[in-house]
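Participant: Here's the letter readout for the chains.
2 protein chains.
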Amino acid sequence: MLEKIDLSKKVDKETYKQVMEAEGERLGQLQRECKAAGIPVIIVFEGFGAAGKGVQINRLIQALDPRGFSVYATNSSNEEARLRPFLWQFWTQTPAKGRIEIFDCSWYKSVTEDRFDGITKEKDVPGAYQDILSFEKQLTDDGTVIIKLFLHISKGEQKKRFKKLDSAKETAWRVTKQDWKRNKEYDKFLKITEEMLENTETEYAPWTIIEATDKDYAAMKIRTTVTERLAYELARRKEIVSEKPQPSGKPAERFQNGVLSGVDLTKSLTREEYKKELDKLQKKLETLHSELYRLRIPVVLGFEGWDAGGKGGAIKRLTSRLDPRGYQVNPTSAANDIEKVHHYLWRFWNNMPKGGHIAIFDRTWYGRVMVERIEGFCTEAEWKRAYQEINEMESHMANFGAVVLKFWLHIDKDEQERRFKERMENPAKQWKITDEDWRNREKWDQYEAAVDEMLVRTSTTYAPWIVVEGNDKLYARVKVLRTVVDALEKKIAEVSGKES
Amino acid sequence: MLEKIDLSKKVDKETYKQVMEAEGERLGQLQRECKAAGIPVIIVFEGFGAAGKGVQINRLIQALDPRGFSVYATNSSNEEARLRPFLWQFWTQTPAKGRIEIFDCSWYKSVTEDRFDGITKEKDVPGAYQDILSFEKQLTDDGTVIIKLFLHISKGEQKKRFKKLDSAKETAWRVTKQDWKRNKEYDKFLKITEEMLENTETEYAPWTIIEATDKDYAAMKIRTTVTERLAYELARRKEIVSEKPQPSGKPAERFQNGVLSGVDLTKSLTREEYKKELDKLQKKLETLHSELYRLRIPVVLGFEGWDAGGKGGAIKRLTSRLDPRGYQVNPTSAANDIEKVHHYLWRFWNNMPKGGHIAIFDRTWYGRVMVERIEGFCTEAEWKRAYQEINEMESHMANFGAVVLKFWLHIDKDEQERRFKERMENPAKQWKITDEDWRNREKWDQYEAAVDEMLVRTSTTYAPWIVVEGNDKLYARVKVLRTVVDALEKKIAEVSGKES
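Chains as they are written, first to last, in the working numbering: chain A, 260 to 759; chain B, 260 to 759.
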């Protein structure tokens with residue numbers, strides 16, 4: 260494929276100037292339209308070393324309003340990123356609605372340079388492609404435009420450019436040993452690159468190959484590619500009849516699985532049993548926490564459940580002896596201004612733990628398929644596709660080596676009423692109960708149906724749901740702790756086994 | 260001072276339980292009140308190694324609502340932080356209004372551990388104290404409550420604890436060689452610590468020494484210290500008659516310095532001169548950019564000026580040949596929701612460049628003493644104190660080795676009118692002009708007075724203002740470029756001189 264491309268394409272100064280000016284003005288205009296329409300835009304620059312990504316990005320952004328874009332230079336030596344799965348740094352950098360994010364190298368590094376260098380193992384390549392495809396799909400489903408550019412130069416041209424950089428003190432540091440290796444083994448790298456282009460060419464995020472021998476020609480083609488794509492996407496969006504969010508509170512129209520109705524809520528513990536167990540488990544967890552820090556294992560614990568189901572109490576018992584440097588509780592409330600203009604998973608990606616850390620989520624990304632579904636805060640298409648999106652995110656964490664557990668703290672309707680009333684009567688607890696809690700309670704059946712569906716669709720081997728029998732708080736807390744302890748012990752044994 | 264403290268203090272289980280429960284409930288209540296009052300709270304945990312900071316932080320946060328606080332573990336191996344001046348990581352972590360940020364070690368590391376280890380040079384110690392004092396002053400002036408706790412244990416107790424940690428596989432990694440060295444030379448470290456406590460004991464951010472031999476006693480004292488301080492600060496704030504923002508548009512009541520009125524706006528260049536100069540300077544800048552990357556020099560360029568003064572055009576010429584990986588243009592518009600609940604300098608701290616990078620600000624922190632002053636968006640006390648705050652921030656960057664330049668793009672009132680009209684007539688430029696621009700124009704004289712005062716008060720040797728004669732755009736652009744080139748050359752020579 261790439262070898263068929265005519266790399267000798269050129270442009271004369273006059274045409275160049277004309278096209279750049281006309282397309283530049285058009286680009287400025289399109290940027291303003293995308294902003295008005297709230298469309299996030301991603302522009303990916305990939306290509307052979309010394310193909311001129313820096314120069315080309317700079318020529319492109321000269322036509323953009325700096326208030327509306329940023330350039331993100333992918334940095335593999337970034338420690339924050341290294342301790343997290345590879346999509347993390349890109350998820351956290353996805354543009355808000357109406358903004359343009361330009362990636363100078365991107366997630367494609369994992370299946371090109373890193374593969375060539377042996378950092379990505381061959382056995383992990385198929386998984387990496389899958390992650391990339393689902394990442395791009397999730398973003399485009401959410402309305403993002405992804406423009407992918409590949410800057411192509413020949414082996415000889417690359418060699419010439421490396422030599423030139425190498426010859427001056429100011430630029431010599433730019434050419435690394437690996438760069439020279441990729442030039443020497445150009446054909447091998449070409450093959451890897453072609454495979455990448457083929458595997459990730461999709462209708463929703465297609466590639467454009469840029470002949471980059473002549474810088475002016477390349478700049479012109481890039482600018483035109485971007486304007487044409489933006490114009491196309493803007494026009495396409497105007498045609499789509501806007502799918503308005505509608506309350507779709509009714510239970511799923513199918514036989515409910517009835518997970519929750521089968522839960523035995525009579526389980527309980529005496530206070531003595533509780534104290535003994537709790538103490539033992541907390542001590543164990545403290546030791547395990549040190550171990551997982553040493554082994555750099557990340558842990559994701561999600562807590563969902565009925566209002567007054569005991570999430571707070573369970574989290575408190577879980578964390579009361581942990582070193583605060585190694586865990587973080589992330590409470591999830593309604594999205595703020597910044598969160599609202601990103602993909603709904605964006606804020607959770609931001610809080611994903613690094614290796615050795617525990618991230619506890621008090622309410623989670625499952626809000627999408629519960630409250631957002633029932634209150635009509637998102638469209639039916641959106642919450643229906645969320646099950647898969649969520650599974651993909653959790654599997655990405657799990658593949659990275661994370662322990663992922665999700666707890667549903669279950670109580671029955673009578674128990675909830677008892678707890679609500681207790682809160683209202685106790686002055687120290689009154690702040691915990693609001694009118695909204697009572698309103699949500701009225702929708703118990705709708706929620707139960709949504710929860711049942713959620714539990715069935717998103718309980719996976721790599722990220723299971725644990726339904727916790729919560730009418731007895733003591734029993735519930737111990738069950739949560741024990742489940743966490745067991746899962747950590749298992750994971751640590753697995754990883755230590757590999758170590759030795 | 261520290262040697263006088265009785266480290267044998269203890270508490271019995273019963274008292275402990277009672278106090279912790281009572282103070283815990285009170286703390287929860289106070290946290291909610293602080294949230295309602297929009298008060299940001301910082302709690303600093305410092306102390307000797309193995310004094311139990313982790314355990315104590317954890318006991319404290321058990322009483323807090325996790326939706327309202329975070330724990331920040333200071334990390335000196337954080338690459339992002341290492342490439343920036345030492346206050347950067349703390350500025351970016353300061354809490355929003357109504358939130359609590361707990362620092363597990365803090366900015367005090369620079370004058371304790373880092374000083375002991377020789378990372379902070381003795382000659383830099385006085386400067387570090389000054390930076391710390393102004394940092395705490397700026398935050399408390401802005402309404403933040405700063406609670407500083409120092410956990411104290413004896414040399415013998417520390418040794419015992421290190422040994423215990425060292426003896427178990429899971430915890431041995433926690434004790435470093437430096438820890439042992441600080442134990443062996445306890446008296447030397449004690450002296451450094453005492454100096455730190457004395458130098459940074461202020462009325463607005465006082466220290467509390469915590470006797471940390473008995474963990475329960477320490478936990479109890481910490482919890483009580485925090486509740487009492489919060490109660491005190493809440494009460495104090497109710498007494499203060501709230502100082503409401505008032506428009507104070509009138510010119511400073513003193514003889515104006517008249518900086519702007521003396522500017523010669525007839526300066527100009529022919530198009531040939533311009534093209535030749537521009538090309539030469541841009542090429543030079545490209546080379547210098549590589550050099551400063553290699554030498555890890557950060558560069559801060561601020562652009563202010565009259566509306567239509569030519570900021571955008573000057574920035575475009577400045578950046579058009581730069582590698583986008585090495586610079587960022589930060590446009591400053593009205594603060595968003597998140598920015599509004601932080602200190603006004605917070606968002607600029609977030610965008611300060613790391614070593615080797617250029618940060619360009621299109622409008623800057625000077626908004627505080629111009630638009631915010633004139634429109635009454637802040638109080639008189641606030642903008643008056645801003646001159647010093649700004650000088651402190653810029654000096655912190657300059658001391659770190661940054662080049663800091665600020666440009667005022669100056670045109671006269673007639674020229675502005677001409678440009679406004681031109682924009683209105685040109686369809687491709689209409690979006691650039693709004694009613695607000697015309698409204699601001701009516702306040703020209705007020706702005707001129709404010710700008711004059713600003714230029715006088717904040718043009719320093721380490722961060723000078725450059726007034727750019729802007730009626731002729733060509734002249735202005737070349738002057739900006741030449742000033743930047745000259746400053747970079749000077750700095751690079753200085754740093755290279757040191758290198759060789």
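Be aware that a few hints might be false.
A pair counts as met if it fits within one copy or between any two copies, since identical chains are not told apart.
In silico DSSO-like pairs for lysine-lysine, Cα to Cα no more than 30 angstroms straight-line [unchecked claim]:
1. Lys356 to Lys599
2. Lys526 to Lys414
3. Lys382 to Lys423
4. Lys428 to Lys534
5. Lys418 to Lys276
6. Lys368 to Lys613
7. Lys543 to Lys422
8. Lys356 to Lys428
9. Lys599 to Lys691
10. Lys599 to Lys294
11. Lys443 to Lys356
12. Lys418 to Lys542
13. Lys356 to Lys575
14. Lys613 to Lys356
15. Lys396 to Lys418
16. Lys691 to Lys497
Derived from the structure by calculation, the hints contain no laboratory data.
Participant: Which earlier hints turn out false for this structure, listed by number in ascending order?
Facilitator: Numbers 2, 3, 8, 11 and 15, in rising order.
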